[in-house]
Amino acid sequence: MKFNSLKKPQKSLPYDWYFQQEVYEKEIENIFTNDWIYVCHTDSIKTNHYRTLQLDKKNIVIIKNKKNEISLFYNTCSHRGSQIFQNEEGIIKTPSIMCPYHQWSYKIDDGSLINTTSIDYENFNKRKYSLKKINFYIWNGLIFINFKKSEEFHLKNVFQYFDPIINKIKLDSFTVGHIWKKIVRCNWKIYWENYSECLHCPNIHPELSELVPLYQRRLVDIKDHPEWNILKDTYDSPKYKGGLKKGSETWSADGSAQGFSIREIQSDLESRGQIYISTWPSMFLGIYGDHIRIVRLIPLNSEEVELTAEWLFETETLSSSNYQKENVIDFGILVMKQDASISETNQKGIYNLQGQEGVLMPEEYLIRNFHKYIRNKLSL
Amino acid sequence: MKFNSLKKPQKSLPYDWYFQQEVYEKEIENIFTNDWIYVCHTDSIKTNHYRTLQLDKKNIVIIKNKKNEISLFYNTCSHRGSQIFQNEEGIIKTPSIMCPYHQWSYKIDDGSLINTTSIDYENFNKRKYSLKKINFYIWNGLIFINFKKSEEFHLKNVFQYFDPIINKIKLDSFTVGHIWKKIVRCNWKIYWENYSECLHCPNIHPELSELVPLYQRRLVDIKDHPEWNILKDTYDSPKYKGGLKKGSETWSADGSAQGFSIREIQSDLESRGQIYISTWPSMFLGIYGDHIRIVRLIPLNSEEVELTAEWLFETETLSSSNYQKENVIDFGILVMKQDASISETNQKGIYNLQGQEGVLMPEEYLIRNFHKYIRNKLSL
Amino acid sequence: MKFNSLKKPQKSLPYDWYFQQEVYEKEIENIFTNDWIYVCHTDSIKTNHYRTLQLDKKNIVIIKNKKNEISLFYNTCSHRGSQIFQNEEGIIKTPSIMCPYHQWSYKIDDGSLINTTSIDYENFNKRKYSLKKINFYIWNGLIFINFKKSEEFHLKNVFQYFDPIINKIKLDSFTVGHIWKKIVRCNWKIYWENYSECLHCPNIHPELSELVPLYQRRLVDIKDHPEWNILKDTYDSPKYKGGLKKGSETWSADGSAQGFSIREIQSDLESRGQIYISTWPSMFLGIYGDHIRIVRLIPLNSEEVELTAEWLFETETLSSSNYQKENVIDFGILVMKQDASISETNQKGIYNLQGQEGVLMPEEYLIRNFHKYIRNKLSL
Numbered sequence: 459m460k461f462n463s464l465k466k467p468q469k470s471l472p473y474d475w476y477f478q479q480e481v482y483e484k485e486i487e488n489i490f491t492n493d494w495i496y497v498c499h500t501d502s503i504k505t506n507h508y509r510t511l512q513l514d515k516k517n518i519v520i521i522k523n524k525k526n527e528i529s530l531f532y533n534t535c536s537h538r539g540s541q542i543f544q545n546e547e548g549i550i551k552t553p554s555i556m557c558p559y560h561q562w563s564y565k566i567d568d569g570s571l572i573n574t575t576s577i578d579y580e581n582f583n584k585r586k587y588s589l590k591k592i593n594f595y596i597w598n599g600l601i602f603i604n605f606k607k608s609e610e611f612h613l614k615n616v617f618q619y620f621d622p623i624i625n626k627i628k629l630d631s632f633t634v635g636h637i638w639k640k641i642v643r644c645n646w647k648i649y650w651e652n653y654s655e656c657l658h659c660p661n662i663h664p665e666l667s668e669l670v671p672l673y674q675r676r677l678v679d680i681k682d683h684p685e686w687n688i689l690k691d692t693y694d695s696p697k698y699k700g701g702l703k704k705g706s707e708t709w710s711a712d713g714s715a716q717g718f719s720i721r722e723i724q725s726d727l728e729s730r731g732q733i734y735i736s737t738w739p740s741m742f743l744g745i746y747g748d749h750i751r752i753v754r755l756i757p758l759n760s761e762e763v764e765l766t767a768e769w770l771f772e773t774e775t776l777s778s779s780n781y782q783k784e785n786v787i788d789f790g791i792l793v794m795k796q797d798a799s800i801s802e803t804n805q806k807g808i809y810n811l812q813g814q815e816g817v818l819m820p821e822e823y824l825i826r827n828f829h830k831y832i833r834n835k836l837s838l
Numbered sequence: 459m460k461f462n463s464l465k466k467p468q469k470s471l472p473y474d475w476y477f478q479q480e481v482y483e484k485e486i487e488n489i490f491t492n493d494w495i496y497v498c499h500t501d502s503i504k505t506n507h508y509r510t511l512q513l514d515k516k517n518i519v520i521i522k523n524k525k526n527e528i529s530l531f532y533n534t535c536s537h538r539g540s541q542i543f544q545n546e547e548g549i550i551k552t553p554s555i556m557c558p559y560h561q562w563s564y565k566i567d568d569g570s571l572i573n574t575t576s577i578d579y580e581n582f583n584k585r586k587y588s589l590k591k592i593n594f595y596i597w598n599g600l601i602f603i604n605f606k607k608s609e610e611f612h613l614k615n616v617f618q619y620f621d622p623i624i625n626k627i628k629l630d631s632f633t634v635g636h637i638w639k640k641i642v643r644c645n646w647k648i649y650w651e652n653y654s655e656c657l658h659c660p661n662i663h664p665e666l667s668e669l670v671p672l673y674q675r676r677l678v679d680i681k682d683h684p685e686w687n688i689l690k691d692t693y694d695s696p697k698y699k700g701g702l703k704k705g706s707e708t709w710s711a712d713g714s715a716q717g718f719s720i721r722e723i724q725s726d727l728e729s730r731g732q733i734y735i736s737t738w739p740s741m742f743l744g745i746y747g748d749h750i751r752i753v754r755l756i757p758l759n760s761e762e763v764e765l766t767a768e769w770l771f772e773t774e775t776l777s778s779s780n781y782q783k784e785n786v787i788d789f790g791i792l793v794m795k796q797d798a799s800i801s802e803t804n805q806k807g808i809y810n811l812q813g814q815e816g817v818l819m820p821e822e823y824l825i826r827n828f829h830k831y832i833r834n835k836l837s838l
Numbered sequence: 459m460k461f462n463s464l465k466k467p468q469k470s471l472p473y474d475w476y477f478q479q480e481v482y483e484k485e486i487e488n489i490f491t492n493d494w495i496y497v498c499h500t501d502s503i504k505t506n507h508y509r510t511l512q513l514d515k516k517n518i519v520i521i522k523n524k525k526n527e528i529s530l531f532y533n534t535c536s537h538r539g540s541q542i543f544q545n546e547e548g549i550i551k552t553p554s555i556m557c558p559y560h561q562w563s564y565k566i567d568d569g570s571l572i573n574t575t576s577i578d579y580e581n582f583n584k585r586k587y588s589l590k591k592i593n594f595y596i597w598n599g600l601i602f603i604n605f606k607k608s609e610e611f612h613l614k615n616v617f618q619y620f621d622p623i624i625n626k627i628k629l630d631s632f633t634v635g636h637i638w639k640k641i642v643r644c645n646w647k648i649y650w651e652n653y654s655e656c657l658h659c660p661n662i663h664p665e666l667s668e669l670v671p672l673y674q675r676r677l678v679d680i681k682d683h684p685e686w687n688i689l690k691d692t693y694d695s696p697k698y699k700g701g702l703k704k705g706s707e708t709w710s711a712d713g714s715a716q717g718f719s720i721r722e723i724q725s726d727l728e729s730r731g732q733i734y735i736s737t738w739p740s741m742f743l744g745i746y747g748d749h750i751r752i753v754r755l756i757p758l759n760s761e762e763v764e765l766t767a768e769w770l771f772e773t774e775t776l777s778s779s780n781y782q783k784e785n786v787i788d789f790g791i792l793v794m795k796q797d798a799s800i801s802e803t804n805q806k807g808i809y810n811l812q813g814q815e816g817v818l819m820p821e822e823y824l825i826r827n828f829h830k831y832i833r834n835k836l837s838l
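Residue numbers (the numbering used here), protein chains in the order written: chain A, 459 to 838; chain B, 459 to 838; chain C, 459 to 838.
Isolated chain A, as found in the complex:
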């Protein structure tokens, strides 16, 4: 009878990797500049609006034009390097992209230079001065970028944890009902490790552990326990069978799903409670009874990571006058704040034992996989 957990102690990553500048710079180069990075759901940008994203030194702009087409550029004018779009989001006020400094104008669709405001040089080759485009791919409404120009998007390379059930859902037809941001003072890998295990659940997430009884056992999956099969048949309880507490329908403050259910996978959700997919280094997504939550992780420096959560709903859910979206949003924020707080505590302890490392326990097999990914990337 197979189970997920590790069979013997594994070394964690060296503690130095959680704060040293050289390691951080290597991660930016080998991971965040190489892998597909999640930006946002297409519905997070309104028609004729833009959003900007800061990733280490890079500042990019994502534009949705009047025809709802998406384009992405480095947010820098080709003239003397001015930033063009100055806010985190905003409306496109001009028919073209216009730099605020000297009013150079560029086509919204392909970034090609339309006009400068200068006297013309003879033989001035405008094509050399287009905005720099960014390689992107929209999968099912989710925008991903890759700083390597020629990199192709292949689903199996992008998602480390992919559940084919998600193919049943039209993610791109969902509406973004809320966006929430938080800066967490820990290395980005510490937050991923926290996400990858439930050993901390009973003490850090009492409310969530009540809703998902399996978490009281400090497990992510019923198959994490060596005797999962026996236990599952012995006890008629979600603590051993998985799924939500009896009577609960979704991840919300009171367990009720007031919204329209995600029909296509409702039966899966009933038995499993929630469905996850994730892509390192930048995103995990959870599907719950009546909503989806996407969390993006972007490191700000070696000791800070920025979380951006998007809540997705069926469009009719948000348009329903009875629906209290706070019921699910507040619950998600509660859980993320709890994780943020303990991740900051974890970070504070790792400076102490330089040149050493921790140990992974049986239930931490997902962290083990994450560490293999990191080790592999840093030895590139």
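Simulated from the structure, these hints should not be mistaken for laboratory data.
Among the clues, some could well be false.
Since the list can't tell identical chains apart, any single copy or any two copies may satisfy a pair.
[Said to hold, decoys possible] EDC-like, lysine to aspartate or glutamate: derived pairs with alpha carbons at most 16 Å apart:
hint : residue 1 : residue 2
1    : 806       : 474
2    : 795       : 762
3    : 806       : 546
4    : 590       : 815
5    : 466       : 580
6    : 515       : 487
7    : 516       : 474
8    : 806       : 514
9    : 465       : 578
10   : 516       : 487
11   : 465       : 580
12   : 586       : 568
13   : 591       : 609
14   : 640       : 761
15   : 690       : 679
16   : 586       : 815
17   : 697       : 668
18   : 515       : 474
19   : 466       : 578
Given chain A's structure and the hints, the job is docking chains B and C onto it.
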């Protein structure tokens, strides 16, 4: 018919030069420690007062004694290195310079050590413990320093843009009516580039462009346009001939010069509107109908520069009870704040395209000269 | 007739040593990781409580159990590196040490791992995952640590200035009546230098110099003056004989000692006024008429040092209803704030003359010794 503008596209400086620490340190060493640096007008220091100046790690003090003689020293006691003068400006409370820590006293005029407060050593050589003097030169009331002890001040080496007209003015007889400071979050070279072109004027400085119609054409000088001679003869307008908007007399909020005019060059000013001189890396000076404005630039680090503006007036202007100096001061501050804001936007964009550089347009010939100066200094 | 003072000028330390990062890192390694560091008096930790101490990157916890036994550990869980004790001080809420992240539990006395919260690995060797202990020694109630595991505590190696009189006092029976902290923006060595001379006393400490008349002469000890013996016999005054101003009993705002006197050395105190001992790099201790003050110095970085002062009293002094402890506490804080302020002024001046150094005057023989210690440690 000759004109000023560039004939073909020129590469701007590499974007990395606007934020990299190594480049900044080289600039401090090769430029700010080598060239003559502007400190302030002699009238900015009151009799028997001091001013301090921080330039990178160096902190210096400029003293004006009771006979209005100027002396400059490193602001550090020879005993155990205490700072002596603790504020940006202040009165000299003691007949000699006295360190606040152990009351060592030094002569104001030459910094020689008068007394310690200790038991005497046999054969203690007081001459070894004078305050360290700084090489300075007062040109026409403007105090300049050079950290190289033996460097001589030669007008033509100090001012890159010098207008001999200024020799007609007794700058040292002017009174400083106001001092204003602002920290701008951009590399110091970005602010100089901004100062060196008017392509940005119509959009960034609408008020100024109304006052100086030539600026509506995004030009600094009527000769910047290839057909300037024809245009000048064709149109009877300051937009093509230069000078202020008809009816305006000086750079002020309403265009009026309520103050006494700068007589010696009044006819020049009437035709030209304003006269500029400048010295890299630290100062530019503008002469307007009834006042002069000097702007000093001191980098605080690779991404911040401190502006200090002094407004100079004929003494009788300031003593006139009718004169509203705010009329010209507020206008100058408005223009500088506009430049500061767009310079900060420029800075935000330059991190994006490392290893690349922008392009200079025809009207940016003054920036081209500035870049030659920088390239030359950094290759020393 | 021998006197303490230096006979000829000595170079101070190079100014660069007061701010350069490389020097600071070498000091952390060669001094703060090698020498015995003072932590606190045992009475500063209540029964069943802990205190934490941050020293550069190291965060340690000092625990006093229910039997008032002391143990010290690195404040980091052996699992995945979480910080365990999260505040500067607090109560021990559980019978064992418990990590807040995954509830691993450790014995309070020796830090051995009691339990994890995971499925057991076969052959999991708990002994490998104890908390890391820290080498410490309690001398007379004062807790010292050494990061070198096998280093032994020898009194004469630890205290540079030790007065055997202190052996008469049962320091460990004293009660800590107050703790005060202050961050001073100067290199830690600048504060030690300030502590080591009284040339600054008359101007920086007018109140203290009135209380201790010798300090008006800018001397620490009457023997600092070449003619101390003659002067002592000539004048019947504490200015030449030492001791407090007539009528004063202790270091307090009004000079009165309302508390119980430190009996064992009362006669010594009457003639001398105060008694000092000190241990570089982290502690000096002063004994006054009715109290003791211990000051701990811990560098936060090359340009900041944290002071922590503990006031010790005879237990019956604090339990006396009449006793106004503020009388002595406020006076101590006044003196330390004066020292902090002028030390910050000293720090501001030392950047100016890189590659150079100051000069030590005759009375600065204690600084000379301190500098020998520093030079010796940095050349290791």
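Status of the hints after comparison with the structure:
In this assembly of identical chains, residue 806 and residue 474 lie within 16 Å of each other by CA distance solely inside one copy; the values are 12 Å within and 31 Å between copies. Taking identical chains as interchangeable, the C-alpha atoms of residue 795 and residue 762 lie at most 16 Å apart only when both belong to the same chain, with a minimum of 15 Å there against 33 Å between chains. Taking the shortest alpha-carbon separations for residue 806 and residue 546, only the inter-copy value of 13 Å comes in at or below 16 Å, while the best intra-copy value is 30 Å. Taking the shortest alpha-carbon separations for residue 590 and residue 815, only the inter-copy value of 13 Å comes in at or below 16 Å, while the best intra-copy value is 42 Å.
Taking identical chains as interchangeable, the C-alpha atoms of residue 466 and residue 580 lie at most 16 Å apart only when they sit on different chains, with a minimum of 7 Å there against 72 Å within one chain. Proximity of residue 515 and residue 487 under a CA criterion of 16 Å is satisfied intra-copy only: 11 Å inside one chain copy versus 26 Å between copies. Taking the shortest Cα distances, residue 516 and residue 474 sit within 16 Å of each other only across copies (13 Å), while inside one copy they are farther apart (25 Å). Taking identical chains as interchangeable, the C-alpha atoms of residue 806 and residue 514 lie at most 16 Å apart only when they sit on different chains, with a minimum of 13 Å there against 22 Å within one chain.
In this assembly of identical chains, the alpha carbons of residue 465 and residue 578 lie at most 16 Å apart only when taken from different copies (9 Å versus 71 Å within one copy). Proximity of residue 516 to residue 487 under the C-alpha cut-off of 16 Å is restricted to the intra-copy arrangement: shortest distance 12 Å within a copy versus 29 Å between copies. Taking the shortest Cα distances, residue 465 and residue 580 sit within 16 Å of each other only across copies (8 Å), while inside one copy they are farther apart (72 Å). Taking the shortest alpha-carbon separations for residue 586 and residue 568, only the intra-copy value of 13 Å comes in at or below 16 Å, while the best inter-copy value is 59 Å.
Proximity of residue 591 and residue 609 under a CA criterion of 16 Å is satisfied intra-copy only: 14 Å inside one chain copy versus 50 Å between copies. For the identical chains of this complex, residue 640 and residue 761 are intra-copy neighbours only, at 14 Å inside a copy versus 26 Å across copies, given an alpha-carbon limit of 16 Å. In this assembly of identical chains, residue 690 and residue 679 lie within 16 Å of each other by CA distance solely inside one copy; the values are 12 Å within and 82 Å between copies. In this assembly of identical chains, residue 586 and residue 815 lie within 16 Å of each other by CA distance solely across copies; the values are 12 Å between and 50 Å within a copy.
Proximity of residue 697 and residue 668 under a CA criterion of 16 Å is satisfied intra-copy only: 10 Å inside one chain copy versus 75 Å between copies. In this assembly of identical chains, the alpha carbons of residue 515 and residue 474 lie at most 16 Å apart only when taken from different copies (11 Å versus 23 Å within one copy). Taking the shortest Cα distances, residue 466 and residue 578 sit within 16 Å of each other only across copies (9 Å), while inside one copy they are farther apart (71 Å).
When the structure is compared with the earlier hints, no violation turns up for any of them.
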